[in-house]
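**Q** Chain residues, written in single-letter form:
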Amino acid sequence: MVGNDIVDLEEANRMSNWERPRYLEKLFTSKELQFIRDCENPFLTVWRLWSMKEAAYKLYTQQNPSRFYNPKGFECDISDLNGIVKFKDFECNVKTQIASKYILSEARFIDSEMTSKIIELKGKLRKSHSDILKEALLIQLSKLHQLSKENFKFQKSEFGIPTVLCNSVKIQVSISHHGCFGTYAI
Amino acid sequence: MTNDELITKLKAIIAPYVQDEKAFENLTEDTDFINDLKVNSANLVDIILDIEDEFNIRLENEDMEKMLDVKAAMLIINTKLEA
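Going down the list, the protein sequences come from chains V and G. Per this note's numbering: the first sequence = residues 1 to 186. Per this note's numbering: the second sequence = residues 1001 to 1083.
Keep in mind that a hint or two might mislead.
[Stated by the list, open to error] Pair ranges (Cβ atoms, derived):
(1) 86(V) with 1028(G): 34 to 40 Å
(2) 186(V) with 1001(G): 28 to 34 Å
(3) 1011(G) with 128(V): 25 to 31 Å
Rather than coming from a laboratory, the hints here were simulated on the basis of the structure. These numbers were taken from a predicted model, which means no experiment stands behind them. Here a beta-carbon is modelled for each residue, glycine too, at the ideal position from N, C-alpha and C.
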C-alpha cells in the first residue's frame, strides 16, 4: 500500500500565500509551526510538510476508506528526508525528495526506497493531465505484469481512492498531480 | 440570509480557486470543491479563511473536516451564524 503526493513549487508559489494570517495555524500543529519558524527556508518546509501530510492521508484512506479534510490531524516528525506521520493511532513512514522544481513525498507502512515515477506535464492541456498520468500508470503495470494494457482498468471508489483492476484483482496505487508535474506509485 | 444569497456569497469566495469553469457555472448545493471544481486541496484552506473573513466566524478543525462541498459549507456557515 502506498500514498504519494507532488507539489509543483512554482504553482504553489503562484496559487498559495502561506504567509497569509492564520493560514499556517489551520494546517500545522504547534510542534510543526515551531519547526517552520526555526528552519532556514520556510517556503520549502511548508510545502514539504504539506506533501507529507497529503501522502499519509492517501495511505490512510487506502486502509480506511473515507474522505475528509484534516491536514492538521496528520502530524509530521522529521529527521533528514525521512519522516514519520501520525494520525490518531495510525502511523507511517514518509520519504521526501526535494528537487528544484518540485517536492515529492511517498508514504508506506514499511521503510523502503521511493518508487514514485514522475511525469512532466508542461505544455499539455490541464484537462488531460490526469488522463496522461493514468495512461502512464497502466503502461507501467502492463510491463510489470507482462500482460497487455487492456487487462488493466483504472477506477476510483466513492471516496476518490484509486485502484487498478486486473482480471478482478485489485492493485493498490497512488497518483498525484499539481501544476506541471504528475506522479504515480504502485 | 436566504440560501440563494448564501450561495452567491460562496460563489464569489470560491471563484479564484476554481479550475473547472464549466462545473462552476453549473454550481449547485451538491457541487464538490475538489472533485467537481478541481480546487487544489492546498487552496481549500484559503476558501475556509475567506469564509471566516466574509462571515466573521471562526471554523474549528472539526468544521474543516467536513468542508468538501457546497452543502457542507452552507450548513457550517448557517450553524455558526445562528450560534
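**Q** Against each hint, give a clear statement of whether it holds in the structure.
**A** Results of checking the hints against the structure:
1. Range check, residue 86(V) to residue 1028(G): about 37 Å between beta-carbon atoms, so the 34 to 40 Å window is met.
2. Separation of residue 186(V) from residue 1001(G) is about 49 Å and departs from the stated range, judged on CB atoms against 28 to 34 Å.
3. Taken as a hint, the range 25 to 31 Å holds for the pair residue 1011(G) and residue 128(V), whose Cβ atoms sit roughly 27 Å apart.
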